[in-house]
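Trainee: What follows is each chain in one-letter form.
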Amino acid sequence: STNESGEGPSEAGAGESGKEKITIGVAQATLRHQFYIDINNGIDKIAKENGAEVLTNDPNLDIGKQVAAIEDFSEKKVDALILMAVDNSAVVPAVEEAKAKGIPVITADAVVKSDQVDTFIGTENYKAGEQLGLYFKKTIESSGKPAKIGVITAPQSFVQQERLRGFKDALKDVKGVTFLNEQPGYQREESLAIVENMLQANSDMNYIFATAEGSVLGALAALESANNQNTKILGFDVTKEAATGIKDGYILGMIQQQPELIGELAVKAALEAAKGETVEKQIDVPVILMDKNNVGEYFKD
Amino acid sequence: MKNNELSGQARMLQKPNFTRKLSAFLLDKGSAVIGLILLFVLMSILSGDFLSVDNLLNVFRQSAVLMIMAVAMTFVIITGGIDLSVGSQIAVSGVVVAGMIASGVPVPLAVLITVMVGGIIGLGIGSAISLQKIPPFIVTLAMLTILSGVAFVYTKGTPIVINNPQFRFLGRGYLGSIPIPIIIMVVVVVLGHILLTHTRFGRYVYAIGDNEETARLCGINVRLVKIGVYVLSGAVTALAGVLLASRLSTGSPNSGTGSELDAIAAVVLGGTNLFGGEGKITGTIMGVLIIAFLNNGLNLLNVSSYNQMLIKGLVILLAVWLSTMKARKAMAK
Amino acid sequence: MKNNELSGQARMLQKPNFTRKLSAFLLDKGSAVIGLILLFVLMSILSGDFLSVDNLLNVFRQSAVLMIMAVAMTFVIITGGIDLSVGSQIAVSGVVVAGMIASGVPVPLAVLITVMVGGIIGLGIGSAISLQKIPPFIVTLAMLTILSGVAFVYTKGTPIVINNPQFRFLGRGYLGSIPIPIIIMVVVVVLGHILLTHTRFGRYVYAIGDNEETARLCGINVRLVKIGVYVLSGAVTALAGVLLASRLSTGSPNSGTGSELDAIAAVVLGGTNLFGGEGKITGTIMGVLIIAFLNNGLNLLNVSSYNQMLIKGLVILLAVWLSTMKARKAMAK
Amino acid sequence: MNQPILELKNIEKKFNGVPALSNVSLSVSPGSCHAIVGENGAGKSTLIKILTGAYSKDNGEIYFEGNKVENMEPKLSKSLGIHCIYQELTVANHLSVAENIFLGNQPRTKWGLIDWNRMYTEAADLLQLLNIKLDPKMLVKEISIAQKQMVEIARAVSQQARILIMDEPTSSLSEREIEILLQLITELKEKSVSILYISHRMEEIFRISDTITVLRDGQHVKTLKTNEIENTDRLVELMVNRKMTDYFNKIAVPIGETILEVCNLNVENVLKNINFEVRKGEILGIAGLVGSGRTEIAKSIFGLLKKDDGQIIIHGIPRKIVKPRDAIRLGIGFVTENRKETGLTLKMSVRENVTLLNLKRFEKKLLVNKKKERNVVEDYKKKLRIKTASIEQKIATLSGGNQQKTILARWISQRPQILILDEPCRGVDVGAKSEIFAEISRLAEQGVAIIMISSEIPEIEGMCDRTLVMCEGQISGTLDKENINADNILKLAFGGVVHEK
Ligand SMILES: Nc1ncnc2c1ncn2[C@@H]1O[C@H](COP(=O)(O)OP(=O)(O)OP(=O)(O)O)[C@@H](O)[C@H]1O
Ligand SMILES: Nc1ncnc2c1ncn2[C@@H]1O[C@H](COP(=O)(O)OP(=O)(O)OP(=O)(O)O)[C@@H](O)[C@H]1O
Ligand SMILES: O[C@H]1[C@H](O)[C@@H](O)OC[C@H]1O
Ligand SMILES: [Mg+2]
Ligand SMILES: [Mg+2]
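Residue numbers (the numbering used here), protein chains in the order written: chain A, 1 to 301; chain B, 1001 to 1333; chain C, 2001 to 2333; chain D, 3001 to 3501.
Be aware that a few hints might be false.
Stated by the list, open to error - Away from chain B, derived, C-beta distances all over 12 angstroms, residues of chain A:
no., residue
1, ILE140
2, GLN187
3, GLU213
To be verified - Heads up, simulated EDC-like pairs for lysine to aspartate or glutamate below, C-alpha to C-alpha not over 20 angstroms straight-line:
no., chain 1, residue 1, chain 2, residue 2
4, D, LYS3360, C, GLU2212
5, C, LYS2156, A, ASP169
6, D, LYS3340, C, GLU2278
7, D, LYS3306, C, GLU2212
8, A, LYS99, C, ASP2054
9, D, LYS3394, C, ASP2054
10, D, LYS3387, D, ASP3309
11, D, LYS3225, D, GLU3203
Honestly, the hints are just simulated from the structure, not real lab data. Being a predicted model, the structure only gives us computed values, none of them experimental. Glycine residues also receive a C-beta, built at the ideal position from the N, C-alpha and C atoms.
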């Protein structure tokens, strides 16, 4: 059959087999975390509404596998690529190769440092970290007590390091704030053990900053099982469990990104780009700061 | 001449039987006990928080899951096998037990069924290895992926939260001042030790790992024993998975990821021969505790995460190097 | 009686020498070739995009890094060893080469030095294993952590971006229409094969893995050969790391993570005995290609990611099950 | 005669299409000793492995007490009371002596747990019964091959067998142990246990067997009553299908200058004040009981055992030998007594096993010249009559005797100046033995100094120009050619004195 809508840059993509449908390659970072699963749900929803086909790859946070997936998608000549980069510099050559084949590249969640990228959709992580930091600043200033903060993070994640930087910067000149050294705990059970250990050594640790889903939930499990109401968590990525933690008072405040919205916007951008329209270079998705006061609006029991 | 003199002195030193036994134990190739002791002493000196009843109970409770997995793995490795899928088995049993409890199955029944499911998974693995003669590494590598896939398909990637207090008690409760996970761990360790050293099944496990053909010719039902080992390992690992789910109050398809390497490392650190035929549960205990105390100590000392990597690796090398000293000396002779 | 008839037939069938050789090759326990062929045919049928020169070149280019690592690992495993640290070695060599290029060292020199650094790391590992008699599993597990720590400390966690076009050429360039990584891969494979099957060193590698004591009694310098194997493996793995860094235009402390398992899996899939003494580079090629084609095919077919896990595991099981058919038949005797 | 307890009918077995047994039948009557003899590779071990179910048969039937047994398995045969000591040792090296004795059959307490105390005492009793000094708690990996063999015998004895099969049980034993074993067999026969006995030692066969079956090339040649056979030569003729006259073929060689001197060698608890020399063209025997330290002498010369004191002098120059490589460089060769553990690389081919030692000489421009390699190996295959379908076959699939010949080929092809042979003819058949001895003679003729450790006194008598006799780590005497005889050797071996002629 012939390709009637073939004006866009996807001229290379014209396969013989009924090519009215737009195909989008989704190079995920992982599909084993709620956050990314939510992005995917958003992607699938909008793609379905628009009758686009989606190819999804899960490299499980392995940069080599993600690059291979991008190459495979280029080989298959998809009409657009949505990329959640595992490593935001290492994907650059593969992205540029895809671009050279005329495939528009939409990045989400993690900014990719290349001018070849059509757009970035996601959270301004430094700002979000800062926002949480400022919120926290108010709390400590009003309590007047010193704050000793343990940090659980993924040292490998650029995005999470940005959050940490923003958070720390917001608290830079607040008196009585000390940070313990960062501990690695992207996985829930890892984070659980680390928080238990930190509490052994620092009975005066009254706050924990956890930079993503697993770290928050591990810390939450540790505090819950110790019935510890003296130490409060601050963190990113509210899941149902975390929401309960907020309601129960273990978690002081969290930044909620809008992963589903990120996914939805990414597909919309991909569809536009595939049709040859230009898309905005950066589409910020606002974050929501959740605490006891507003969490009920988003998570009903 | 020199040597003769030395060994004369050595003989003198040997007289007090107790000292000799103690030093034999310390230098026993089959356990990393000397490494553990040094680590323990060092940590006690460096961190004031280390040597407290609270912290020790904390470490033991943390190591329960790994300990139980490692006991199961000890059996597998002594037969000359390996199980790379235990991490995924943890995930599967976590989501299975959580799923059942979420849908109202009473806790004891849910736990029992989960352990049985673990046993059935082990049966599959064991059959492929024992009857189809596919190398254990391949079978369990494939199962690592498959079971993880199962856990994700079952949950669609979303962890199942468990609020049941009875279930939470398993991982978070206390009997007096002793955390329940420690009690479960001790029971598993003791039973594992008895099974391995005081039953025919246990001895067959050694014989098979040592020389499978010999075992067969001696009339041992090699296939059955091998399958039995994987069934046992599957069931025990499922128990560990249940415990972890309870500690996290969640059945997550992510939990357990990568823990196979920890379990194998603990077993090998404890002096069990990766080629089979040799090994002890007591050694495995040492291996698990080295890992646990190391992690705990570094956290207590507030070592930053990159430096932790360096130190962990070096300490493990050192611990094993000390433990293999005796073996090296024997070789030199 | 029946058996006699059958074997009579079998003899008839055997006559055409070529057919016999072919079927021997196909059923050779030492290679998963039959699994690979089936996979290839299946993928070609299922996906229209699979069987194109472009896609095949794409897959080969993707597998270059793993292939080079797996060739090195084949040597290590045949001696009866294992190297769990190759993933971290990839990371170290990536950041080292990137660091040098960033600070202006000419590309050829930077590559050479990086390969040498890899060799030195191998020397350390080999010495600990060969001279200090620490089990390879432990040494390299410790090195996995240590080297990863080194890469993180060196970069402070931030990847080093390389914009040097000469360097990019290694991983992204073409010679005619053949991607450079494919050329490097072919050279390494061929040299590895020759070294293993046509030199004294290679023969010693097998002998040591087969029976170290016999090898020593035959005057083989077992220690030296073992160290040599790890030095070789370190250098070759560093080359793979350089290639990956070039493909990614980045030296990242994260790259290579977890690839040790892929490399070991490829080698074992290719029929190399994890206990040493047996194995072939040709088998390893099959193993790598099975993994690569499987990943590529499933991507092309748009299988959903959780189902991919299930399918990958099952296909690997099936491939090996088919390949071990002959061994099973022989066992039945 | 009463009904046979065991019958094998028309047994057939092929390995990769090559027949190892064709149409072999055998019947064993209760309380008798039935010997099976034949050349290396004749199919003896294969036959008994089929009998116990260790191998499956391609064809044929097995009857036990008149009942046909389908799907024989080691477990099943054991439950029928058929026990076997296989040619290749079946011990678990990391388990204790006691556990190896009771493997698969450990005594248990009423709780179902293993009764370690009872196991150790029962093991100790058994070892005592067999007159072996051995700690039941010792790990098997630490004992010698002869001791391992005795452990297997103890295992067989412990099991109330109806039929006891022994595949070359004496090949690694010395006179004392052999005597104990043969005594034991006589006692078992009296208790109406049937014995199936395989050996290459003819005098044993004649002494204990009632019936002899001869196999040749996988075929049944003849079954005879032992007392119907006139003499050894007749039996050997049936086995090898030719007349044999001289077994040893020892060529008288002029003995030249001293090549190797061992001075004041001491190893704590093992060797004491060992002094001797070997000359060019000389074959020096070392005789003695198991555990008397013969192997240790060889090991310390070859750099495998740390010397506390002493010197190894070669061509008048004291040499430092701390590892086998040093010894090999100085032209010393060593065929060990334990081929499975220190001789073979089991996963490699016959060719690779032969050339492992001196691969360098096949090297051309850094690559191994396989053609040259093949030629040399083919040569030795013919010379020593190694029975194998091809030199590319894995050595693990060869019969025991043929494996031994392959190892010999390895060291002979090395052309050493000094060759140490520790039980060189272990498991080698009579015919092949004479070929090997001829080869040893030829080496001596070419001026090689040879040390031959052997537990078979006739071999020492037939081959050696001189022999040392060891007793408890010391040389208890040296016998020259005319004084070498069983009487003298045994006297010295037990620590006595001999008055030379
Ligand atoms: N597993 C096997 N695979 C292939 N061939 C085998 C195998 N086992 C035995 N054979 C072959 O079968 C033949 C008979 O071997 P067997 O071991 O029965 O001889 P044997 O009479 O016991 O010899 P020996 O006196 O040397 O022990 C030999 O040619 C041998 O190479
Ligand atoms: N008194 C002893 N106590 C414990 N072990 C011993 C003792 N004497 C010898 N052995 C061990 O028994 C083994 C046999 O010794 P060795 O090999 O020297 O004997 P041999 O004379 O060569 O006899 P054979 O070769 O027939 O076994 C040695 O490994 C030695 O360690
Ligand atoms: O934004 C995401 C982040 O990039 C990742 O590392 O963890 C999950 C989310 O927080
Ligand atoms: Mg035999
Ligand atoms: Mg000896």
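Trainee: Could you run down the list of hints and mark each one as holding or not?
Mentor: Hints and how they fare:
1. ILE140: 21 angstroms, holds
2. GLN187: 7 angstroms, violated
3. GLU213: Not fine: 10 angstroms to the nearest Cβ puts A:GLU213 too close to chain B.
4. D:LYS3360 to C:GLU2212: 19 angstroms, holds
5. C:LYS2156 to A:ASP169: 19 angstroms, holds
6. D:LYS3340 to C:GLU2278: Holds - the C-alpha atoms of C:GLU2278 and D:LYS3340 are around 17 angstroms apart, at most 20 angstroms.
7. D:LYS3306 to C:GLU2212: Status holds; Cα separation ~19 angstroms.
8. A:LYS99 to C:ASP2054: 17 angstroms, holds
9. D:LYS3394 to C:ASP2054: Not satisfied, since the Cα-Cα distance of roughly 43 angstroms exceeds 20 angstroms.
10. D:LYS3387 to D:ASP3309: 44 angstroms, violated
11. D:LYS3225 to D:GLU3203: 15 angstroms, holds
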